[in-house]
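Colleague: Here's the letter readout for the chains.
2 protein chains.
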Amino acid sequence: MTTLLFDEDRSAEIVAASFAGTPDPRLREVMTSLVTHLHAFVKDVRLTPGEWEAGIRFLTETGQMCDETRQEFILLSDTLGVSMLVESLANSAVSTQGDRLTEATVEGPFHVVASPSRELGADLNVAGEPGEPCVVTGRVVDASGVPVPGAKVDVWQANAAGFYDVQQPDEMGLGDLRGLFTTDADGSYWFRTIVPAHYPIPADGPVGRMLRQTGRHEWRPAHIHVEVSAPGLRRVTTHVFVAGSPYLESDTVFGVKESLIRDFVEVDDEAEAAAYGVANPFRTVEFVVALDAETTP
Amino acid sequence: MTTLLFDEDRSAEIVAASFAGTPDPRLREVMTSLVTHLHAFVKDVRLTPGEWEAGIRFLTETGQMCDETRQEFILLSDTLGVSMLVESLANSAVSTQGDRLTEATVEGPFHVVASPSRELGADLNVAGEPGEPCVVTGRVVDASGVPVPGAKVDVWQANAAGFYDVQQPDEMGLGDLRGLFTTDADGSYWFRTIVPAHYPIPADGPVGRMLRQTGRHEWRPAHIHVEVSAPGLRRVTTHVFVAGSPYLESDTVFGVKESLIRDFVEVDDEAEAAAYGVANPFRTVEFVVALDAETTP
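Here the protein sequences come in this chain order: A and B. Under the numbering used here, think of the first position of the first sequence as 1, with each following residue one higher. Under the numbering used here, think of the first position of the second sequence as 1, with each following residue one higher.
So that you can see chain A by itself, here it is in the shape it has in the complex (with noise of 0.2 Å):
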């Protein structure tokens, strides 16, 4: 058997023939290549025993703010850039046969309870927010283009004061500014809410402090979050952005690709107001979800 007597040159090798024996291939491969480049950042940088001290501090933090509404870890990996890019890794932008399909963005930290089932049309604003009227349509597509009719449509957004419903439950009732939709026969969606607005991650945990001592703002530009499924295409999560907001170039997520911004177009007109039901003036935007089809793994 080999000795894993420890050497600081060696060090990753070493820790990586522990896993040697280990029975699932692919785990085998994920430890081994975590061992390789944590040894290395830690070389890298002579990580000391006080900066050590103070990293397991901070990841004990965060393990113990996360509890059923709040999930810090999801936020320290969206802040590192880290959910963007697993998203962006499993979603490519374009099909194998080359066509566009919707890109993906983080999920986020606040998809913790399951949106309602809601009627197309039905108003996301079930508490009657104060906001700027909103009708969103859409359509789901398959990557050439033919409409998918019964895909799930998942959407849940902030308010227009920059709050999602588990952030004020009492104020808002949970499934608030949520909503589940099934697309129709022609795979086309709609439903009416709010504008959303721009906000600031949670800060006051460990990542609202990691954010303040590396001089970055917690703020996510105005987004929809938008969750669609159908059965034999590729899932995709992802936002629509909202047209002007502050903070598309700084998304402190990383959320933002040019692909998913909108324009948030404002309506002024009685007759349209009333046939959707909204006050008016109302704003209208149209976000289009291609999907691709279901590779076997």
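Among the hints, a few may not be true.
One copy or any two copies: either way a pair holds, since identical chains are not told apart in the list.
[Claimed, not checked] Okay, derived cross-link-like pairs now, SDA-like style, lysine to any residue, Cα gap no bigger than 20 Å in a straight line: (1) K43 to A12; (2) K43 to L89; (3) K43 to A93; (4) K43 to A90; (5) K43 to D9.
By construction, these hints were calculated from the structure, which means they are not laboratory data.
Let chain A serve as the given structure and place chain B on it in line with the hints.
Modeller: Just chain B now, kept in the frame of chain A:
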């Protein structure tokens, strides 16, 4: 201002750019390196969303396993060889003059209660635990071998069943098998104890699950922890390992260095036993600790 719109190929660069305004240059260096290696890891293995989720869950559970007497993140760092690497980087095996120093090893997760101050010669085995009596003698010297009077020698160890006081506080009482000694005029120290046993690290948490999933064992070879400090000298955190102990070549925290293994010699001599105040037969071990001069940071 630089745009931070996400791009998969340049992801590490983009996230690193967000840390460009970090006021403390050292923190900026650490965060930049961390992000670079973290993104390289994610790309190397093409981490999937499911694996990322498992990682988030693992880190969250690791944080939530921690309390006053359990530090699961230190266990994780230990079992990935990171703690050992940090200690080794901070503590060279040779002084700037080329003299041989006592090598460092991990502090481990059991130094969670302060060791009670004890007189030289005191018995660490306050609770009268069963085990082979053992006399530990030694000396603290500087790099050129000059004895260091008044050095603090902090020791802690498991009992003959492999448990620390904090793991069974009702049976042992906190402070049992721990002691803080001060070297006398000729730099020497001594105390009585029992021979420690090899033991498993706490394996009922996420780290234990990781070890089982990767086919690793959870054992550490028998050892006594020793942490020595003195004014003007560099503190060293180390162990004396018991020669012949199982797992010396496969310590699950990679803590073993050849130079730290000592024979715990069996002595069968009634007169000597009586002189030390221990039952006959007993074991003896000598551990000389050589500390480097403190370098001005």
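Colleague: Measure nothing new, just compare the shortest in-copy and cross-copy C-alpha distances for K43 and D9 to 20 Å and report within, between, both or neither.
Modeller: For K43 and D9, only the intra-copy Cα distance (9 Å) is at most 20 Å; the inter-copy one is 25 Å.
Colleague: Cα distance capped at 20 Å. Does K43 pair with A12 within a copy, between copies, both, or neither?
Modeller: both (10 Å within a copy, 19 Å between copies)
Colleague: Taking 20 Å as the upper bound on the Cα-Cα distance, should K43 and L89 be classified as within, between, both, or neither?
Modeller: between (28 Å within a copy, 8 Å between copies)
Colleague: Please work out whether the CA atoms of K43 and A93 approach to 20 Å or closer within one copy, between two copies, in both situations, or in neither?
Modeller: between (36 Å within a copy, 17 Å between copies)
Colleague: Pop the pair K43 and A90 into one bin, within, between, both or neither, using alpha-carbon distances up to 20 Å.
Modeller: Close across copies (11 Å), not inside one copy (30 Å); limit 20 Å.
In this structure, none of the earlier numbered hints is contradicted; all agree with it.
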